[in-house]
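K.L.:
Sequence:
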Amino acid sequence: HWCDDFTLWSESHTSYELCSLSIDIIYELLLNFNGSMENFYYLWYNFDKLIISEEHMRIGIDIDDTLTDIKDKLTMAAKKYAISLNKKVENKEYQVVDIYNNGNIYQKLFGFNYDELKYFLGIIQEEITNNAIPRKYCVDVIKQLHEDGNEIYIITARDSEFHKDPYHQSETWLNKNSIYFDKLIVNARDKSAVCLENNIDLLIDDSISNCLSVVNCGIEAIMINNEKNSNHDIKTFRDWKEIYIYIKNGV
Numbered sequence: 001h002w003c004d005d006f007t008l009w010s011e012s013h014t015s016y017e018l019c020s021l022s023i024d025i026i027y028e029l030l031l032n033f034n035g036s037m038e039n040f041y042y043l044w045y046n047f048d049k050l051i052i053s054e055e056h057m058r059i060g061i062d063i064d065d066t067l068t069d070i071k072d073k074l075t076m077a078a079k080k081y082a083i084s085l086n087k088k089v090e091n092k093e094y095q096v097v098d099i100y101n102n103g104n105i106y107q108k109l110f111g112f113n114y115d116e117l118k119y120f121l122g123i124i125q126e127e128i129t130n131n132a133i134p135r136k137y138c139v140d141v142i143k144q145l146h147e148d149g150n151e152i153y154i155i156t157a158r159d160s161e162f163h164k165d166p167y168h169q170s171e172t173w174l175n176k177n178s179i180y181f182d183k184l185i186v187n188a189r190d191k192s193a194v195c196l197e198n199n200i201d202l203l204i205d206d207s208i209s210n211c212l213s214v215v216n217c218g219i220e221a222i223m224i225n226n227e228k229n230s231n232h233d234i235k236t237f238r239d240w241k242e243i244y245i246y247i248k249n250g251v
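Numbering (the numbering used here), first residue to last: 1 to 251.
One or more hints might be untrue.
As the list claims (entries may be wrong) - Calculated lysine-lysine pairs in the DSSO-like style (CA-CA distance at most 30 Å, straight line): (1) Lys88 to Lys108; (2) Lys164 to Lys176; (3) Lys248 to Lys183; (4) Lys80 to Lys164; (5) Lys71 to Lys143; (6) Lys80 to Lys108; (7) Lys164 to Lys71; (8) Lys143 to Lys73; (9) Lys108 to Lys79; (10) Lys108 to Lys164; (11) Lys143 to Lys248; (12) Lys73 to Lys241; (13) Lys80 to Lys176; (14) Lys176 to Lys136; (15) Lys183 to Lys118; (16) Lys183 to Lys73; (17) Lys143 to Lys164; (18) Lys136 to Lys183; (19) Lys80 to Lys136; (20) Lys183 to Lys143; (21) Lys164 to Lys118; (22) Lys80 to Lys118; (23) Lys241 to Lys183; (24) Lys248 to Lys71; (25) Lys136 to Lys241; (26) Lys118 to Lys88; (27) Lys183 to Lys164; (28) Lys79 to Lys118; (29) Lys136 to Lys73; (30) Lys88 to Lys71; (31) Lys143 to Lys241; (32) Lys71 to Lys176; (33) Lys87 to Lys164.
Claimed, not checked - Beta-carbon label-pair distances, calculated as ranges: (34) Ile128 to Lys88: 18 to 28 Å; (35) Ile245 to Asn130: 27 to 37 Å; (36) Ala193 to Lys241: 29 to 39 Å; (37) Asn187 to Val215: 19 to 29 Å; (38) Ile245 to Asn216: 18 to 28 Å; (39) Tyr119 to Asn249: 39 to 49 Å.
Calculated directly from the structure, the hints in this document are not laboratory data. We put the beta carbon where it would ideally sit given N, CA and C, even for glycine.
Assemble the whole structure, with the sequences as input and the hints as a guide.
P.N.:
Laid out in structure tokens, this is it:
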């Protein structure tokens, strides 16, 4: 009987490892427990929490303009760089929507050639992103999502084409700002493919194109946007506190 075998298992494993058990096994164990009293008390007093933890999600989270809020600063920097190159720059508000996650929107708006774009993304943009501060509430919300039993996957389109070491750059910034993550994925220009490959349940991103692409693959998406644009069906919030409340109430 599994319970006899499990008695030996439970006596030789920590309480932390018991979290991997299914709800049915936990319930049966409480009824027929022969293991250590320490593990019994752990299961008894944490039964509700263990049930909740089984309903966890694997949450994918973008970095730029999702964990940070730098779009306007990047646009102004691109405009300033274009002027320094004697590019024709119109005196207007620029709408930056990077559909392909490769920075070509700056090339299109400001007429950068490939080398100019590479300099802007690899030098100017990196300086801004490396010194960016996290959005309000995001550090605490992500920590709480982790403590609620969710897995946190940071998924960024920062790639090796325009950045010397996108993994190290991203990891350094995340650690510097105490942002929890279970896994970091870079070179993720195709967010839907990456989400499918990594069994992501929910993507949080600032890009409407990324959100729509994952939704079309059957994955839930939440968009963070300062303007809270409602011209689409993607759930959109202005800050991380709103996002947490929505997730907590059931995506």
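K.L.:
It remains to establish, for every hint, whether it holds in the given structure.
P.N.:
How the hints compare with the structure:
no., hint, verdict
1, Lys88 to Lys108, "holds, 12 Å"
2, Lys164 to Lys176, "holds, 19 Å"
3, Lys248 to Lys183, "holds, 22 Å"
4, Lys80 to Lys164, "holds, 23 Å"
5, Lys71 to Lys143, "holds, 25 Å"
6, Lys80 to Lys108, "holds, 15 Å"
7, Lys164 to Lys71, "holds, 21 Å"
8, Lys143 to Lys73, "holds, 27 Å"
9, Lys108 to Lys79, "holds, 12 Å"
10, Lys108 to Lys164, "holds, 23 Å"
11, Lys143 to Lys248, "holds, 14 Å"
12, Lys73 to Lys241, "holds, 23 Å"
13, Lys80 to Lys176, "holds, 28 Å"
14, Lys176 to Lys136, "holds, 16 Å"
15, Lys183 to Lys118, "holds, 27 Å"
16, Lys183 to Lys73, "holds, 28 Å"
17, Lys143 to Lys164, "holds, 29 Å"
18, Lys136 to Lys183, "holds, 22 Å"
19, Lys80 to Lys136, "holds, 27 Å"
20, Lys183 to Lys143, "holds, 14 Å"
21, Lys164 to Lys118, "holds, 11 Å"
22, Lys80 to Lys118, "holds, 16 Å"
23, Lys241 to Lys183, "holds, 23 Å"
24, Lys248 to Lys71, "holds, 28 Å"
25, Lys136 to Lys241, "holds, 8 Å"
26, Lys118 to Lys88, "holds, 19 Å"
27, Lys183 to Lys164, "holds, 20 Å"
28, Lys79 to Lys118, "holds, 15 Å"
29, Lys136 to Lys73, "holds, 17 Å"
30, Lys88 to Lys71, "holds, 21 Å"
31, Lys143 to Lys241, "holds, 12 Å"
32, Lys71 to Lys176, "holds, 21 Å"
33, Lys87 to Lys164, "holds, 26 Å"
34, Ile128 to Lys88: 18 to 28 Å, "holds, 24 Å"
35, Ile245 to Asn130: 27 to 37 Å, "holds, 31 Å"
36, Ala193 to Lys241: 29 to 39 Å, "holds, 31 Å"
37, Asn187 to Val215: 19 to 29 Å, "holds, 22 Å"
38, Ile245 to Asn216: 18 to 28 Å, "holds, 26 Å"
39, Tyr119 to Asn249: 39 to 49 Å, "holds, 45 Å"
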